[in-house]
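Trainee: Top to bottom, those sequences are chains A and B.
If you count the first sequence from 1, position 226 lands on 227 in the numbering used here, and the numbers rise without skipping.
If you count the second sequence from 1, position 199 lands on 202 in the numbering used here, and the numbers rise without skipping.
It is worth saying that the hints were derived from the structure and are not from the lab.
Every value quoted in this text rests on a predicted model; they were computed, and no experiment measured them.
Keep in mind that a hint or two might mislead.
[Said to hold, decoys possible] In the SDA-like style, the derived pairs of lysine to any residue whose C-alpha atoms are separated by at most 25 Å in a straight line are:
1) A:Lys83 x B:His168
2) A:Lys83 x B:Thr181
3) A:Lys114 x B:Leu185
4) A:Lys83 x B:Phe63
5) B:Lys46 x B:Phe63
6) A:Lys114 x B:Phe63
7) A:Lys26 x A:Gly154
8) A:Lys18 x A:Tyr243
9) A:Lys83 x B:Gly139
10) A:Lys76 x B:Ala62
11) A:Lys76 x B:Arg164
12) B:Lys76 x B:Gly139
13) A:Lys26 x A:Ala150
14) A:Lys83 x B:Lys46
15) A:Lys114 x B:Gly139
16) A:Lys226 x A:Gly82
17) A:Lys114 x B:Lys46
18) A:Lys83 x B:Ala62
19) A:Lys114 x B:Leu82
20) A:Lys83 x B:Asn8
21) A:Lys83 x B:Ser257
22) A:Lys114 x B:Lys76
23) A:Lys114 x B:Ala62
24) A:Lys83 x B:Ile105
25) A:Lys26 x A:Glu64
26) B:Lys46 x B:Ala20
[Stated by the list, open to error] Just the calculated beta-carbon pair ranges, DEER-fashion:
27) B:Leu249 x A:Asp146: 35 to 43 Å
28) B:Phe24 x A:Thr128: 25 to 33 Å
29) B:Leu261 x A:Thr128: 48 to 56 Å
30) A:Gly153 x B:Arg5: 44 to 52 Å
31) A:Lys26 x B:His9: 49 to 57 Å
32) B:Leu190 x A:Thr128: 16 to 24 Å
[As the list claims (entries may be wrong)] If the Cβ cut is set under 7 Å, some of the chain A residues that face chain B in the computed set are:
33) Trp20
34) Phe34
35) Glu62
36) Ala79
37) Pro81
38) Lys83
39) Arg85
40) Ser93
For glycine and all other residues, C-beta sits at the position ideal for the given N, C-alpha and C.
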Amino acid sequence: MLSLVWEEPVSLIRISKLWKSYGAKNVLEGLDFSIDANEFVTIVGASGCGKTTFLRMILGEEEPSRGSIEIDGEKLIAEPGKDRGVVFQRYSVFPHLTVLENVMLGLEFAGSKILCRGFGSVRRHWTQRCREMLDRVGLLASANDYPNALSGGMQQRLALSQSLVVAPRILLLDEPFGALDPGIRSDMHVLVRELHRELGLTVLMVTHDISESFYLGTRVLVLDKIRIDPHDPDLYGANITYDIPVRNPLDDIAGTFGEERGVTQYE
Amino acid sequence: MRIINHRPSRGISYFTAILPFVLLIVVYAVFSDARLEANPDDKLLPDATSLGNAVHRMAFEPSKRTGELLLWKDTVASLTRLFIGLSISAFIGLTVGVFNGIVPWFSAFWTPFVRVLSMIPPMAILPILFIVFGLGELSKYVLIIFGTAPFIMRDMEQRVRELPHEQIIKAQTLDATTWQILLRVVLPQVMPRLLEAVRLTTGAAWLFLIAAEAIASTEGLGYRIFLVRRYLAMDVILPYVIWITLLAFVMDFSLRRLNTLCFPWFGKNR
């Protein structure tokens, strides 16, 4: 059958005329863009420019003041959900659970609504899945340790595997490597880039490290204030000032890193 | 070097810890001696022999009137009251505190109420308890509960709110329901804090227990102390006080041990 109308592929995340203000303070004004599946979008900007606020709105932790966020064409309700996994800079893992239990928690939430525990063959199956995940991020040797026995980098590996074991459509990263040593940080960069490619993830990451954003991102968004009133710095909010495609995300998924593409500058 | 930077070594620490106790005993012995010298029948500061006799009489000789070993009978009665009162208190405190901490609509009703409730001096309502619940065991439990539960409720609410918000968000991204968050994220993390809160309220619980026993009771450590006070029987009162202190110390110590045994992850990342 012939289709007469060429339909654009629906983008995974659609942000329309998004504003966020706290009282008289405008944080974000008029964000309007889309994110496709498999993209690795990094958002850079000075501290306090609203990039974390933006991530929190995608996460559902905060509500937009105006405008809307749609995921797969459905308007987002202001509540975190299973389609969006998250790793914060700190406190992403549960200190009272061992490494293995931390990873298994997502499977237990999904598979056992009342008791929240698996038994017998179900539990063995889950344990197997979690051990594979831990093996992938290099934490299998620490499976029975508590998080307070892990280094900062290992804790973030754990937080990643904990989110990924339930296969979220979108992975949100809020400066996840900001508190790590430089050497460990570059190990983490390699891991995250590999995971993005292997699992075909869509990633949205907030960072203030520009080189990190270009190394990891297939697309870099720069968030800054377009207009500034020197007498009232809070009057105008930030918007995307640069939207820079770095690589073709599909090349990344296929395993070959694409060439750098042109730079779009707004305004 | 500044005084704040001088530290005693480990061996000396044991010595310094024991010294005040030894000093207390010596001072007591000196004054006791002086008074007994002047009047051998003095009852205010009995010497070691009469203290020993009293302990033997209370703990190992059946009472002439009832044929019971009074010290043990009193101890069992008091500890039972304390245990029942504190357990109920812990249960109420945990339930109300956790819901106040995590369910905004629950907190909207009960947080202000609990705050006012905790301001009522428990001793002031003791007469009401006696009138309403009678002079039996129930009013003693209720006094202990009333004296400790509001503190535990408020402490638990605070501890739940102190959990990093990131954890609650993370659990929701793993598709946890409210029940599941309570069961797997909040409760296990506040249990060691509940033991801490109970440990800190045992002091208050003893206070209310002894007060209730002093006023209306027929057995119990507090009852006995206030009973023999009429005969100026310091030889019974002093061992009883030491015994109560020892019991309180053992309770405090075992609650601490229980916490480190049951929750090995707790305390390391604070």
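Trainee: All hints, please: hold or fail.
Mentor: How the hints compare with the structure:
With a CA separation close to 17 Å, the supplied pair A:Lys83 and B:His168 stays within the 25 Å bound. Taken as a hint, the A:Lys83 and B:Thr181 pair is honoured in the structure, with Cα atoms around 14 Å apart against an allowance of 25 Å. Between A:Lys114 and B:Leu185, the direct Cα distance comes to roughly 12 Å. Compliance with the 25 Å bound is thereby established for this hinted pair. The suggested pairing of A:Lys83 with B:Phe63 is violated, with an alpha-carbon distance near 67 Å, which exceeds 25 Å.
Annotation: proposed proximity of B:Lys46 to B:Phe63 holds, straight-line Cα distance about 22 Å (limit 25 Å). The suggested pairing of A:Lys114 with B:Phe63 is violated, with an alpha-carbon distance near 57 Å, which exceeds 25 Å. For the hint linking A:Lys26 to A:Gly154, the alpha-carbon distance of about 36 Å lies beyond 25 Å, and the restraint is violated. Pair hint A:Lys18 plus A:Tyr243 holds up; C-alpha atoms about 17 Å apart against a cutoff of 25 Å.
Distance check on the hinted pair: A:Lys83 and B:Gly139 sit about 55 Å apart at the alpha-carbon level, beyond 25 Å; violated. This hinted pair does not check out: A:Lys76 and B:Ala62 have alpha carbons roughly 75 Å apart, beyond 25 Å. Between A:Lys76 and B:Arg164 the CA atoms are separated by roughly 30 Å; this puts the pair beyond 25 Å, and the hint is violated. Note on B:Lys76 and B:Gly139: the hinted pairing holds, with a Cα-Cα distance of about 17 Å set against a maximum of 25 Å.
Annotation: proposed proximity of A:Lys26 to A:Ala150 is violated, straight-line Cα distance about 42 Å (limit 25 Å). A distance of roughly 75 Å separates the Cα atoms of A:Lys83 and B:Lys46; the hinted pair therefore is violated under the 25 Å criterion. Pair hint A:Lys114 plus B:Gly139 does not hold up; C-alpha atoms about 45 Å apart against a cutoff of 25 Å. Taken as a hint, the A:Lys226 and A:Gly82 pair is broken in the structure, with Cα atoms around 30 Å apart against an allowance of 25 Å.
Between A:Lys114 and B:Lys46 the alpha-carbon distance is near 68 Å, which puts this suggested pair outside the 25 Å criterion. At most 25 Å may separate the alpha-carbon atoms for a hinted pair to count; A:Lys83 and B:Ala62 exceed this at roughly 64 Å. Only pairs whose Cα atoms come within 25 Å are accepted, and A:Lys114 paired with B:Leu82 is rejected, the gap being roughly 40 Å. Restraint check for A:Lys83 and B:Asn8: the C-alpha separation of about 53 Å exceeds 25 Å, so the hint is violated.
Distance check on the hinted pair: A:Lys83 and B:Ser257 sit about 42 Å apart at the alpha-carbon level, beyond 25 Å; violated. Between the alpha carbons of A:Lys114 and B:Lys76 the distance comes to roughly 49 Å, so the proposed pair goes past 25 Å and is violated. Taking the CA atoms of A:Lys114 and B:Ala62, the gap is near 55 Å; set against the 25 Å cutoff, the hint is violated. Between A:Lys83 and B:Ile105 the CA atoms are separated by roughly 20 Å; this keeps the pair inside 25 Å, and the hint holds.
The suggested pairing of A:Lys26 with A:Glu64 holds, with an alpha-carbon distance near 15 Å, which does not exceed 25 Å. For the suggested pair B:Lys46 and B:Ala20, the alpha carbons sit about 30 Å apart, so the restraint of at most 25 Å is broken. In this structure the supplied range 35 to 43 Å holds for B:Leu249 paired with A:Asp146, their Cβ-Cβ distance being about 39 Å. For the pair B:Phe24 and A:Thr128, the supplied restraint of 25 to 33 Å is violated, since their beta-carbon distance comes to about 54 Å.
At roughly 29 Å, the beta carbons of B:Leu261 and A:Thr128 sit outside the given window of 48 to 56 Å. Our hint of 44 to 52 Å for A:Gly153 and B:Arg5 is violated, since their Cβ atoms are close to 35 Å apart. One distance hint, 49 to 57 Å for the beta-carbon pair A:Lys26 and B:His9, holds here, with the actual separation near 52 Å. Checking the proposed 16 to 24 Å range against B:Leu190 and A:Thr128 shows it holds: the Cβ atoms sit about 23 Å from each other.
Restraint check, A:Trp20 versus chain B: the minimum CB separation of about 23 Å is more than 7 Å; hint violated. Interface hint at A:Phe34: violated, since its Cβ lies 23 Å from the closest Cβ of chain B, which is beyond the 7 Å cut-off. For A:Glu62, the interface hint holds, since its Cβ comes within 7 Å of a Cβ in chain B; the closest pair sits about 6 Å apart. Hint status for A:Ala79 relative to chain B: violated, with the closest Cβ pair at about 12 Å, above 7 Å.
Taking 7 Å as the C-beta cut-off, the interface hint given for A:Pro81 holds, the closest approach to chain B being about 4 Å. Interface restraint check for A:Lys83: the shortest CB-CB distance to chain B comes to about 4 Å, inside 7 Å, so the restraint holds. A distance limit of 7 Å between C-beta atoms decides the matter here; for A:Arg85 the minimum to chain B is near 6 Å, and the interface restraint holds. Below 7 Å, beta-carbon pairs count as interface contacts, and A:Ser93 has one with chain B at about 6 Å; its hint therefore holds.
Comparing the model with each numbered hint stated earlier shows that hints 4, 6, 7, 9, 10, 11, 13, 14, 15, 16, 17, 18, 19, 20, 21, 22, 23, 26, 28, 29, 30, 33, 34 and 36 do not hold.
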